[in-house]
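Given chain A, put chain B in place with the hints provided.
Chains A and B are the protein sequences, given in the same order. Note that our numbering has the first sequence beginning at 6, numbered continuously upward. Note that our numbering has the second sequence beginning at 672, numbered continuously upward.
Hints are computed from structural coordinates only; laboratory data are not their basis. We treat Cβ as the ideally placed atom computed from N, Cα and C, and that holds for glycine. Among these hints, one or two may not hold up.
Cut-off 30 Å, straight-line C-alpha distance, at most; resulting in silico cross-link-like pairs (DSSO-like, lysine-lysine) [unchecked claim]:
1) A/K270 to B/K706
2) A/K80 to B/K706
3) B/K731 to A/K270
4) B/K716 to B/K757
5) A/K261 to B/K716
6) A/K261 to A/K94
7) A/K261 to B/K706
8) A/K177 to A/K80
9) B/K790 to B/K731
10) A/K235 to A/K164
11) B/K761 to A/K261
12) A/K151 to B/K706
13) A/K193 to A/K241
14) A/K241 to A/K151
15) A/K241 to B/K761
16) A/K241 to B/K716
17) A/K141 to A/K177
18) A/K94 to A/K235
19) B/K731 to A/K151
20) A/K164 to A/K141
21) A/K261 to B/K757
22) B/K790 to A/K84
23) B/K757 to A/K270
24) A/K261 to B/K731
25) A/K84 to A/K241
26) B/K757 to A/K151
27) B/K761 to A/K270
28) A/K177 to A/K241
29) A/K94 to A/K164
30) A/K177 to A/K84
31) A/K164 to A/K151
32) A/K84 to A/K235
A short list of chain A residues far from chain B (calculated; beta carbon distances all over 10 Å) [as the list claims (entries may be wrong)]:
33) W153
34) G189
35) K270
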Amino acid sequence: MRIRNAIFVGALLAALPFSAGVSAQTAASAPASQATKPGLMANGIPDLSGIWDPDFHGPEGLRINTWDSSDPFAKNPDKAPMTPWAAEKFKSVRPPFGSLATFDNTNDPVQRFCDPPGVPRIYMYPWEMTFVPTAKIVYILYEYTKVWRAVYMDRDHPKDPDSSWMGDSVGKYEGDTFVIDTIGFNDKTWLDQTGHPHSDALHVIERIRRINHDQLEINVTIDDPKAYTKTFSATKLYRFTDAPMGETLCAYSEMKQFQENVVDKTQTPPTK
Amino acid sequence: MKRKLFVVLAVVGSLALFSGAALAHHGVAGYDLNKTVTLHGTVTKFDWSNPHVVVYLDAKNEAGEMQHWTIEFAAPVHMVRAGWGKSSMKTGDDIVIDTHPSRNGAPIGITSTITFILKTVVNGQPLPTRSE
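Isolated chain B (complex conformation):
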């Protein structure tokens, strides 16, 4: 098993200013923007479509249990303008990604809105990010 999967929880403050309009077509009330989770896993699907780009990945939690994560990004046109594309990653790629997790503890997160893109490294290559 060449994949080393782990989850690191890190609390990132000063993000409380994110309010409603950070996302394109829906709010962010379902996510805890004061918390950032770093995942290291394997891409199982990269869905380049509207209303938002979504990456699905498998990663283990601290207890060593495999979790299937769903990570949301901004809309495709906004990701393109930030330097991303439909070939930015593919199934089977190694991925290290920061994400703001859902408030209910489910393995759902948001890594990008119109205003920010968190760290995303695919096969050792960092993809463009954007600070708030």
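So here's chain A without its partners, still in its complex pose:
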């Protein structure tokens, strides 16, 4: 734990000069002589600087519940292109969202046990995120549960990565797009808010692009041949915000208290 914290603090410190420089450039337009291609910083990498908030206040279409763009609101979550293995696993799911939603009796591992949401489900929550680029690693900090990822820019995946909640991520820049390739997941998380399962063969590709100063586009592709008969993808939008990231931890004691004091009571028979 001490080593992990040291890495995290180191990443933040390393990012300070980057953040300051970007802020200065944002506050006042750069001189023409320093102009770079749209969406790129002076060093040629995509400008993803800033704090990004999921756009939950825009059109209904941005509040997607699945990564299947043919059923974004999970009206027919059982129709996802699941293999028999995944379909069988999906039968035991009691999700909190979508047409199969249950309120008091969900077995959502995040809601029930404060499990890490994993990738890509972390993007389904309405909390902020930010990027911290360093020389060889881009850290992504998520406000929800204060979880973070390391995206390695200088190596490929290990041949046989250890399984983990957030996977092993490697990245590269393609023009104005930050491309992240992640494998090495355990199979304990859900892909989305409706409980679609995945296997430990899950392969996630994220393509992240700042489409203008105030909007960030995150396209997620799911590739898991053990669980799905085809790849599928969806795109979410984030918006630039000045609101600093705050504390949204998932403390089991608080979750349990909320479950008992609020959620469970919605199933108490009304007294007459």
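Just chain B now, with coordinates in the frame of chain A:
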């Protein structure tokens, strides 16, 4: 008894578009978002904590019976960004509040998610709201 407590039921339509992702960590299937109840009562506890801010209050129903209500809000960071804080109310405050009640009739309601904050007036002072 200076408190005048009453409950007014009002049906508010056009809220059916609320679906799954309106809340931070759980859905809203337990609440009737097509119905709004206005409560006038006294705060018994204001719990400013994750995963959701909760206010407990005593209010009488139409029959004059005292009920102990539990009202859910969005997560603390989202309430802060909407202009609320841990001092927005305290035990003993007079409160008038709109809420979507639970479907089973229990005195549980939801007044705020990431996308909306219904009317909440504490000691005569309205707190920030947000329309869908």
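Going down the list of hints, with the structure as the test:
1. A/K270 to B/K706: Given pair A/K270, B/K706 holds - Cα atoms ~18 Å apart, limit 30 Å.
2. A/K80 to B/K706: holds (23 Å)
3. B/K731 to A/K270: Between B/K731 and A/K270 the Cα gap is close to 19 Å, so the pair holds against 30 Å.
4. B/K716 to B/K757: Cα-Cα ~11 Å, so holds.
5. A/K261 to B/K716: holds (18 Å)
6. A/K261 to A/K94: This hinted pair holds, its Cα atoms lying about 26 Å apart.
7. A/K261 to B/K706: holds (28 Å)
8. A/K177 to A/K80: Distance ~35 Å between A/K177 and A/K80 Cα, so the pair is violated.
9. B/K790 to B/K731: holds (19 Å)
10. A/K235 to A/K164: holds (24 Å)
11. B/K761 to A/K261: holds (23 Å)
12. A/K151 to B/K706: Since the Cα atoms of A/K151 and B/K706 sit roughly 35 Å apart, the hinted pair is violated (cutoff 30 Å).
13. A/K193 to A/K241: Answer holds: A/K193 to A/K241 is near 23 Å, not above 30 Å.
14. A/K241 to A/K151: Holds: A/K241 and A/K151 sit about 20 Å apart, inside 30 Å.
15. A/K241 to B/K761: Violated: A/K241 and B/K761 sit about 38 Å apart, past 30 Å.
16. A/K241 to B/K716: Violated. A/K241 to B/K716 sits at ~38 Å, over the 30 Å cutoff.
17. A/K141 to A/K177: holds (11 Å)
18. A/K94 to A/K235: holds (17 Å)
19. B/K731 to A/K151: violated (41 Å)
20. A/K164 to A/K141: holds (20 Å)
21. A/K261 to B/K757: Answer holds: A/K261 to B/K757 is near 21 Å, not above 30 Å.
22. B/K790 to A/K84: Violated, at roughly 40 Å.
23. B/K757 to A/K270: Given that 30 Å is the threshold and the Cα spacing comes to 24 Å, the pair holds.
24. A/K261 to B/K731: Given that 30 Å is the threshold and the Cα spacing comes to 29 Å, the pair holds.
25. A/K84 to A/K241: holds (21 Å)
26. B/K757 to A/K151: holds (21 Å)
27. B/K761 to A/K270: Distance ~23 Å between B/K761 and A/K270 Cα, so the pair holds.
28. A/K177 to A/K241: Holds, at about 20 Å.
29. A/K94 to A/K164: holds (28 Å)
30. A/K177 to A/K84: Measuring from Cα to Cα gives roughly 34 Å; hence the hint is violated.
31. A/K164 to A/K151: holds (29 Å)
32. A/K84 to A/K235: holds (13 Å)
33. W153: Fine: 17 Å to the nearest Cβ keeps A/W153 off the interface.
34. G189: holds (26 Å)
35. K270: violated (5 Å)
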